[in-house]
Amino acid sequence: MTETIRRWLNRRELGLHLLVLAAYGAAVEVGLQFVLPQANVSLVYPATGVGLALVYLLGARFAVTVAVAAFAARYGFEEGLAPTLAVAASAGLASAAGAAALRRFDVRPQLDRLRDVVVVVAIGALLSSVVSSGVGAAVMYTAGLTEWRGLGSLWWVCWVAEIVGALVTAPVLLTWSRPGERAWTRGRAFELVFIAAAVVLTGWVVYADVLPPGVAMAKPLSYVVFPIMIWAATRCISREVALLLFVHAAIAVAYTVSNQGPFAGGSLRENLLSLHAHLAMLSISVLMLQAAMGERRNAERALRESEAKYRLLVENQTDLVVKMDRSGEILFASPSVGELFGSSEKELVGRPFKALLPRAETGASPWAELYQPPHACYLEHPVQTLKGERWLGWAAKAVLDAGGGIEAVVAVGRDVTARRRAEAESRQYLQELAHVGRLSAMGEMAAGLAHELNQPLCAIMTFSQATLRLLDRPERQQELRHAIERTAANADRAGEIIRQMRSFVRKDDPAAVEADINDMVREVVELTAAEANHNEIQVKTSLAAGLPRVSAATIQIHQVLVNLIRNAIEALAGIEHEGRRVEIRTRRLAGGQVEVSVADNGPGIPETLRQELFEPFVSSKDNGMGLGLSISRSIIQAHGGELQVESSAGQGTVFRFDLPPAAGEQSVSATS
Amino acid sequence: MATVLSFRRSEDRRRMPQDQEPCVFVVDDEEDVRDAISLLVSSVGLNAETYATARAFLEACDGSRPGCVILDVRLPGMNGLEAQRALRERGVQLPIIFISGHGDIPMAVRAVQNGALDFLEKPFRDDALLDCVNRAIELDREARAQESARQDIEAKLETLTPREVDVLERLIDGKVNKIIARELDVSTRTVEIHRARVLHKMGADNVSQLVRLTLSTERYRDRLR
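For the record, the sequence lines run as chains A and B.
Just so it is clear: in the first sequence, position 21 is 21 by the working numbering, and no numbers are missing.
Heads up, the working numbering is the position in the second sequence plus 672, with the first residue counted as 1.
Bound conformation, chain B alone:
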């Protein structure tokens, strides 16, 4: 309870782009199992949405809402593993917790290899499920926070002029102002002005912070190697 409360009151909400409550999506063909999980989840103050089939869930979910998925492996029509693949193909990164009435080891291994958070055998203990759910929501939250920060930096990168980008890239390479000035065939002073503007635009206090921010983006991730 304490963890959840602290989670709900955390200041991270400010940083969520959609600013939404996390939701637990429950997909199981057995109505009583759906209802029971939904009730259990609601007992710790989380929202839950239930779906009887994988298709119904895929139709309703676009990945924009934070939370996690509790997915039954055996489902009529499209089964749980197929649904997992479909979500990933759409780029929905919601953490998935599989549940199954079968202690089907190979299937569990495949699910986890494909990125499932955990695999619970029915019937499961409430602590086990709720731990998983909390872990999943936390993961999702972090992933979404990171994603949000990355998008922030990239947006700032877009505001740089071409000459400022030139300076930034050479700073990442660890070159000093004098070298940069020579390479760009400008004065050292000009480089210093550009550097100050880049630091300002990117919201960095110093060059090392600037490099760290820049290297977290898609565009400059390769430079790490």
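Looking at chain A on its own, in the form it has when it is part of the complex:
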């Protein structure tokens, strides 16, 4: 297998070497057609350019092939073996040196970048031609083929011939080595044919002396090719331009050699040197111009591709993308925005972004965050859309200008209706569950509360009956006044107990309000006092002053506290020892949250039960549903806090939960 591949490779390699041999040989042969008879110097020499291009394209090892080709082409002339070998070696060296330079600067063969053209002209072609012509001149001198006196001009002629040959041939080989990237249209093809025809025609007209001498304008006429070439450079790709230059040069050289055209009239040497100067200027200018155009085309294409890519991204997503200026006027809106609101992108542009928000939304406050690092904000709001009322969540980010001011704002919106609905449902579910929990707790507390209620009722009844009996005893006025005052006070107290009971079991009001946690603790301690008294358990509170207010659904926090305090009382009820007590503390945590802990000095919770304490339907009580702590934890989590337990056998149990401070609450806050 590998053997066949190697053989194939070898065959391919061999073919390439033969190709280079033939091409270089042919180029030398062309050059030999233009040898100046008396000086033995070729006036048109494309071989150096061919060698440079082929060695660069195929690899450094082909420099040897070039040398071999040069030797083969020259052998048999009168120079002798040694000078021929030297010239051949110089040909190989020149192509290798030039190619190495091109490789060093990583030239793209397409020559569609300005730097590539500059490198090919000013380094590659220059180096190759200097090496080749220098060695050639030196060999001729050492071989005694030329005098020292004429050596300078000999070298000069050699060099000009070689560099112009390189400028004309190397670009053709380089550019045609790669596939052309061109979208063919009928118009383009016609244009190209027209340009090519124009080049050939002008070449013929200018150089073949077609025009009568009176009309011909001699040398300036040679500039006719410039506008055509500039046209080609702006409209055609590099390989076409290079080929046109080559064709034009070939026509010019052919006619000039036969002493026709604007550059005729002098000796062949003078004529060709003038023509070479003209061709060199033309080639360099046109190659650079087409490269500049190529760069622009490439940049445009990259921009188009990048724009198309991002446009594809923006236009084909379900998220809403809006860009607005600093005053909130829409600069861009993705098609998804139009679909949602039933208007086209064109209608949206120029309208205020606020138009996409609900009317109540002032738009001032939520965007304030954009003015401070990290210049981003997020808000959710309900809004009327074609699909009915939907909740949208907008993530906005400010685009800053150089001075750090807001230049524009990019907002990405998403339909969060499903999530909001799920959240609302789960909130609703928790509310209902919590209500059931409160009803159940109230049922369990009813006996204790009835007793609690009986005390003031008893006082009221007894006081008022005694008062009736003493009404006509003026000497006991003082006692009567006291009795009536106490009757009123006890009625008030009974009313308060009833109010708390009703408030505890009422169903509504899940809305969070700002509340003082200490007030809530005090109310719940009162609500559970009957049960604590009944079990002869002391309930102590140690409430920190200056706590920030919390944002809470007070009834639900009441429920959690009732649950924790009753659990603590129950934990203590079963045991007999002095100083059984429940202690409730409030304090402020380092993070700004408010923490409430409910501690008892009871027997503690067994490790096995502690693991699943917060699971629903887990209870250590015979008649417990096992929902209290599960509901409590859900309530606290819904408030953005956490309910935790610490317990060790014989040391008692501490339940603690934290609540975040209400928005806008500072560390130093007045408490009622």
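Some clues are possibly wrong.
To be verified - Straight-line C-alpha distance at most 25 Å; calculated SDA-like pairs for lysine to any residue:
#1 A:540 to B:746
#2 A:540 to B:727
#3 A:397 to A:416
#4 A:540 to B:724
#5 A:354 to A:446
#6 A:387 to A:315
#7 A:540 to B:887
#8 A:540 to B:750
#9 A:540 to B:703
#10 A:540 to B:748
#11 A:540 to B:751
Keep in mind the hints are simulated off the structure, nothing from the lab.
This structure is a prediction, so every number in the text was calculated from the model and none was measured.
Could you slot chain B onto chain A? The hints should help.
Then chain B, alone, in the frame of chain A:
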């Protein structure tokens, strides 16, 4: 009102050893309940004393003062039933009326089995409480009167000589003078003299009254059987 007035004016006071006004002791941890009961009781002319805990009441009360106790079942520290037991252990026989905010039937049954006079559920009607109080004070008065009479007879028994005691015991047994004389180996006349002295010392008009008085005492209660 009439009953109370008649009670206060009754001649029984003469027979009370301590010669004291009856007092209603109110024990309840709720200040307003205490004050209200105290006021109600005072409206019918009775004295009242209030205590917040059972312990405070037990410290203050030695049972010497007549009256009754209104005792809350639920009290901090020592509860009402425990206080009842403590009073009985000390021999304090004051009638007890329990009051409670709980309609706690088993507890009420236990209280009454232990000798409580009544069990009232809070809130109660004034008539109900005052009836109970009056009944309790009357009971206490009677108990104290009986106790006083018994102590009187026993004191008289102490004044009898051994020979007179012998005669008395045989009279209780229903023996006639002749039999007694034979058993004691004395003359019938001597028995008659002893008998007359016993009747005189015991303040009895005849033998049947003597027997009744004697049998009411601790010492001779057994002879009834």
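These are the hints, each one checked on the structure:
With a C-alpha separation of about 21 Å, the suggested pair residue 540 of chain A and residue 746 of chain B falls inside the 25 Å cut-off, and the hint holds. Pair hint residue 540 of chain A plus residue 727 of chain B holds up; C-alpha atoms about 24 Å apart against a cutoff of 25 Å. For a cut-off of 25 Å, the pair hint linking residue 397 of chain A to residue 416 of chain A stands: about 19 Å separates their Cα positions. Note on residue 540 of chain A and residue 724 of chain B: the hinted pairing holds, with a Cα-Cα distance of about 21 Å set against a maximum of 25 Å.
With a C-alpha separation of about 54 Å, the suggested pair residue 354 of chain A and residue 446 of chain A falls outside the 25 Å cut-off, and the hint is violated. As the CA atoms of residue 387 of chain A and residue 315 of chain A are separated by approximately 20 Å, the hinted pair is consistent with the 25 Å bound. Of the supplied pair hints, the one linking residue 540 of chain A and residue 887 of chain B is violated, its CA atoms being roughly 61 Å apart against a limit of 25 Å. Only pairs whose Cα atoms come within 25 Å are accepted, and residue 540 of chain A paired with residue 750 of chain B is accepted, the gap being roughly 21 Å.
Note on residue 540 of chain A and residue 703 of chain B: the hinted pairing holds, with a Cα-Cα distance of about 22 Å set against a maximum of 25 Å. For the suggested pair residue 540 of chain A and residue 748 of chain B, the alpha carbons sit about 16 Å apart, so the restraint of at most 25 Å is met. Among the hinted pairs, residue 540 of chain A with residue 751 of chain B is consistent with the structure: their alpha-carbon atoms are about 22 Å apart, no more than 25 Å.
In this structure, the hints that do not hold are numbers 5, 7, in rising order.
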